Amino acid sequence: MSKKQKKTLLRIIIAAVVWLTGFVLEHIIDFDSAGRFSVMGIIHLAIFAAAYLIIGWDILWKAIRNIAHGQVFDENFLMSIASIGAMIIGEYAEGGAVMILYQIGELFQGVAVGKSRRSIAEMVDINPEFANVERDGVVSEVDPSDVAAGETIVVRPGERVPLDGTVISGSSELNTAALTGESALRAVAEGDEVISGCINTNGLLKVKVSRPYSDSTVARILELVENSTENKAKTENFITKFARIYTPIVVFAAIALAIIPGVIQSAMNGFTDLSGWIGEDGWVYRALSFLVVSCPCALVISVPLSYFGGIGGASRYGIMIKGANFMEELAKAQTFVFDKTGTLTKGSFAVTEVVPEGMTENELLGICAAAETYSTHPIAQSIIAEGKKRGVTTTAADAEEIAGYGVKATVNNSTALVGNHRLMERENIPTPTVETPGTVVHCAIDGKYAGYIVISDEIKPGTPSALAALKKHCNAKTVMLTGDRRAAAEAVAKQAGIDEFHAELLPDGKVSQVEALYEAKPENTTLVFVGDGMNDAPALARADVGIAMGAMGSDAAIEAADIVLMNDNIESLPTAVRISKKTHAIVMQNIIFAIGVKVLIMLLTAVGITSMWVAIFGDVGVAIIAILNAMRSMRIK
Amino acid sequence: MKKTFKLIDLDCAHCAAKMEEAVKKLPGVTNASVNFLQQKFTLEAPDDQFDEILKAAVKCCKDVEPDCTIKI
Numbered sequence: 001m002s003k004k005q006k007k008t009l010l011r012i013i014i015a016a017v018v019w020l021t022g023f024v025l026e027h028i029i030d031f032d033s034a035g036r037f038s039v040m041g042i043i044h045l046a047i048f049a050a051a052y053l054i055i056g057w058d059i060l061w062k063a064i065r066n067i068a069h070g071q072v073f074d075e076n077f078l079m080s081i082a083s084i085g086a087m088i089i090g091e092y093a094e095g096g097a098v099m100i101l102y103q104i105g106e107l108f109q110g111v112a113v114g115k116s117r118r119s120i121a122e123m124v125d126i127n128p129e130f131a132n133v134e135r136d137g138v139v140s141e142v143d144p145s146d147v148a149a150g151e152t153i154v155v156r157p158g159e160r161v162p163l164d165g166t167v168i169s170g171s172s173e174l175n176t177a178a179l180t181g182e183s184a185l186r187a188v189a190e191g192d193e194v195i196s197g198c199i200n201t202n203g204l205l206k207v208k209v210s211r212p213y214s215d216s217t218v219a220r221i222l223e224l225v226e227n228s229t230e231n232k233a234k235t236e237n238f239i240t241k242f243a244r245i246y247t248p249i250v251v252f253a254a255i256a257l258a259i260i261p262g263v264i265q266s267a268m269n270g271f272t273d274l275s276g277w278i279g280e281d282g283w284v285y286r287a288l289s290f291l292v293v294s295c296p297c298a299l300v301i302s303v304p305l306s307y308f309g310g311i312g313g314a315s316r317y318g319i320m321i322k323g324a325n326f327m328e329e330l331a332k333a334q335t336f337v338f339d340k341t342g343t344l345t346k347g348s349f350a351v352t353e354v355v356p357e358g359m360t361e362n363e364l365l366g367i368c369a370a371a372e373t374y375s376t377h378p379i380a381q382s383i384i385a386e387g388k389k390r391g392v393t394t395t396a397a398d399a400e401e402i403a404g405y406g407v408k409a410t411v412n413n414s415t416a417l418v419g420n421h422r423l424m425e426r427e428n429i430p431t432p433t434v435e436t437p438g439t440v441v442h443c444a445i446d447g448k449y450a451g452y453i454v455i456s457d458e459i460k461p462g463t464p465s466a467l468a469a470l471k472k473h474c475n476a477k478t479v480m481l482t483g484d485r486r487a488a489a490e491a492v493a494k495q496a497g498i499d500e501f502h503a504e505l506l507p508d509g510k511v512s513q514v515e516a517l518y519e520a521k522p523e524n525t526t527l528v529f530v531g532d533g534m535n536d537a538p539a540l541a542r543a544d545v546g547i548a549m550g551a552m553g554s555d556a557a558i559e560a561a562d563i564v565l566m567n568d569n570i571e572s573l574p575t576a577v578r579i580s581k582k583t584h585a586i587v588m589q590n591i592i593f594a595i596g597v598k599v600l601i602m603l604l605t606a607v608g609i610t611s612m613w614v615a616i617f618g619d620v621g622v623a624i625i626a627i628l629n630a631m632r633s634m635r636i637k
Numbered sequence: 001m002k003k004t005f006k007l008i009d010l011d012c013a014h015c016a017a018k019m020e021e022a023v024k025k026l027p028g029v030t031n032a033s034v035n036f037l038q039q040k041f042t043l044e045a046p047d048d049q050f051d052e053i054l055k056a057a058v059k060c061c062k063d064v065e066p067d068c069t070i071k072i
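Heads up: the sequence lines are chains V and Z, in that order. Under my numbering, the first residue of the first sequence is numbered 1, with each subsequent residue one higher. Under my numbering, the first residue of the second sequence is numbered 1, with each subsequent residue one higher.
None of these hints come from the bench; they were simulated from the model. Remember, it's a predicted structure, so these values are computed and weren't measured experimentally. Hints are not guaranteed to be accurate.
Okay, derived cross-link-like pairs now, DSSO-like style, lysine-lysine, Cα gap no bigger than 30 Å in a straight line [unchecked claim]: (1) Lys-232(V) <-> Lys-2(Z); (2) Lys-234(V) <-> Lys-24(Z); (3) Lys-40(Z) <-> Lys-3(V); (4) Lys-3(Z) <-> Lys-7(V); (5) Lys-71(Z) <-> Lys-6(V); (6) Lys-2(Z) <-> Lys-6(V); (7) Lys-332(V) <-> Lys-3(V); (8) Lys-346(V) <-> Lys-581(V); (9) Lys-471(V) <-> Lys-62(Z); (10) Lys-25(Z) <-> Lys-3(V); (11) Lys-7(V) <-> Lys-24(Z); (12) Lys-346(V) <-> Lys-18(Z); (13) Lys-234(V) <-> Lys-346(V); (14) Lys-62(Z) <-> Lys-24(Z); (15) Lys-388(V) <-> Lys-18(Z); (16) Lys-2(Z) <-> Lys-7(V).
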């Protein structure tokens, strides 16, 4: 609590004690029978007036001051009118209670909003406080923004990497949780790139800074999060507009209610009995209750607070959402379009199948890996990597690369031919037809066919379950777009559980497919495009929501997308959808609850069923409940 | 030019919307936003008149919500 809030709390306590004294006395002593202007009546008024002024003087003052500035439908003014009105018609306890409870509500709002703001700020607290820069052999602590690209910084264990750069000496493991939401450590050594915002866990690193702080990953993410509240959701704009007309309407309704029925009723008895008009539970009293519920605060605060909390909560999972509007759109998504390579698949090649003939899998792999030792081709690299992984690589002598065909090498004193089917044809070795999608590498030893290895882009382990989750929660139609061969695309689509795929597309073909899907999507739903941010900026822009994956360190992706998944884990996507849907649900609950309760209270008040006490609940109680509900959005799992 | 300032003692969300509305209507203002949750005020105006417009905006905010100050 701030100093100002503590002071308000103290005033609330004092006023409440005075008010309670009056309330108890009211039940012991019969003030009413003595008449309002008797000594007893004045003591009665004085007690409640004291409580009222202790708690309400600043509201009254603000009301007067704001009227002078032309702010008519100001909540301070409305509360002042309602409470003073109650005092005038003799409802002292209620007049005092309106002010006390209003102040409690305001205080609570202030504390709750401050708390949410701080906890959201903590969630995105990735800002490095200092950098240890090495200048002329001396290490000194400076502000990260004072370090230029090309300088050398030292990152000690436990410190946050302050700037993006390349490791020039040392090795360590980095905790990327603050950026990606993943707790796995990332090993870095000399020559590796490090990204600002990560925490260095154990080793000492010397890093050559690659770009200034203002362009660093941390600065970009912070900017993104800070600007996110500027992109307002449609619901937010609706509430702003609603608030603008709600208060005047309720106030005019109150004025009408205070005058018209009272005048008619009194006219019928020839103005001899005014109690139905200005007396207890009369029309004026009811009209005052209207003023109490005329503030739309519950909505005006809780709606943006829900979105802000949802955006903050999502950032814990490495999901950066650029605005509440995208959260709202994502909640309505039913068409999910994916780029294949790098999004559904790992984007790196790996051995997916080893089919030997006349030897074991490991023997075949060992020979191939040995033969490819000197090749730098990505396909060869993936065979070497798999050989190393299984620990089966043997050594090769005099390997000779036959460009466009493969390799000829001597392994274990035999001649090994490793390459494509054209190599086998050239050497007149019969090869089987392989149906499996992917790149096939054949092998022959001493002129005899020995089997083949299939290399393909692997599907990410989380892809099928992520797509299944989208299906389950959004009834989603999933579409995959790729420039790859049909066979390869089909295999991935089948494994991933994709509904529809379009293969062999040129880059602009992807955009026209997105456009076609956009036209075909069901009404009132949105289309999401998920890509890795490379080469698919037009498709990201064309979709209602563009999501870039694995964006840590990729400026282009952060720039082009509406939602950025910092990690490479596609399972963040259903998480993002879930958070958006729940946040949207919380917003709708609050809108329906707040408007519903207020309208209901006004109806019941108009016919005289409820008292001002219920109206106070309609103002303060509803606001508190709506804010508490909104705060849940921060903790959606 | 677009600049962001911190707001102190901005207590009511409703007033934030009113402040935003009022500043947007000032002559010369390209865009303005008052962010209640982050307690921030962003003003966008042509470079050559920025200081004058900022002064007008500060006064305007004071009129709408006298309790709230813009930290410059």
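Status of the hints after comparison with the structure:
1. Lys-232(V) <-> Lys-2(Z): Cα-Cα ~19 Å, so holds.
2. Lys-234(V) <-> Lys-24(Z): holds, 20 Å
3. Lys-40(Z) <-> Lys-3(V): OK: Lys-40(Z) and Lys-3(V) at ~20 Å, within 30 Å.
4. Lys-3(Z) <-> Lys-7(V): violated, 33 Å
5. Lys-71(Z) <-> Lys-6(V): holds, 23 Å
6. Lys-2(Z) <-> Lys-6(V): Distance of about 36 Å is beyond 30 Å: violated.
7. Lys-332(V) <-> Lys-3(V): With a Cα-Cα distance of about 43 Å, the restraint between Lys-332(V) and Lys-3(V) is violated, given a limit of 30 Å.
8. Lys-346(V) <-> Lys-581(V): At roughly 28 Å apart (the allowed maximum being 30 Å), Lys-581(V) and Lys-346(V) satisfy the hint.
9. Lys-471(V) <-> Lys-62(Z): Violated, at about 52 Å.
10. Lys-25(Z) <-> Lys-3(V): Given pair Lys-25(Z), Lys-3(V) is violated - Cα atoms ~34 Å apart, limit 30 Å.
11. Lys-7(V) <-> Lys-24(Z): violated, 34 Å
12. Lys-346(V) <-> Lys-18(Z): violated, 50 Å
13. Lys-234(V) <-> Lys-346(V): violated, 36 Å
14. Lys-62(Z) <-> Lys-24(Z): Satisfied, since the Cα-Cα distance of roughly 15 Å is no more than 30 Å.
15. Lys-388(V) <-> Lys-18(Z): Violated - the C-alpha atoms of Lys-18(Z) and Lys-388(V) are around 67 Å apart, more than 30 Å.
16. Lys-2(Z) <-> Lys-7(V): Since the Cα atoms of Lys-2(Z) and Lys-7(V) sit roughly 36 Å apart, the hinted pair is violated (cutoff 30 Å).
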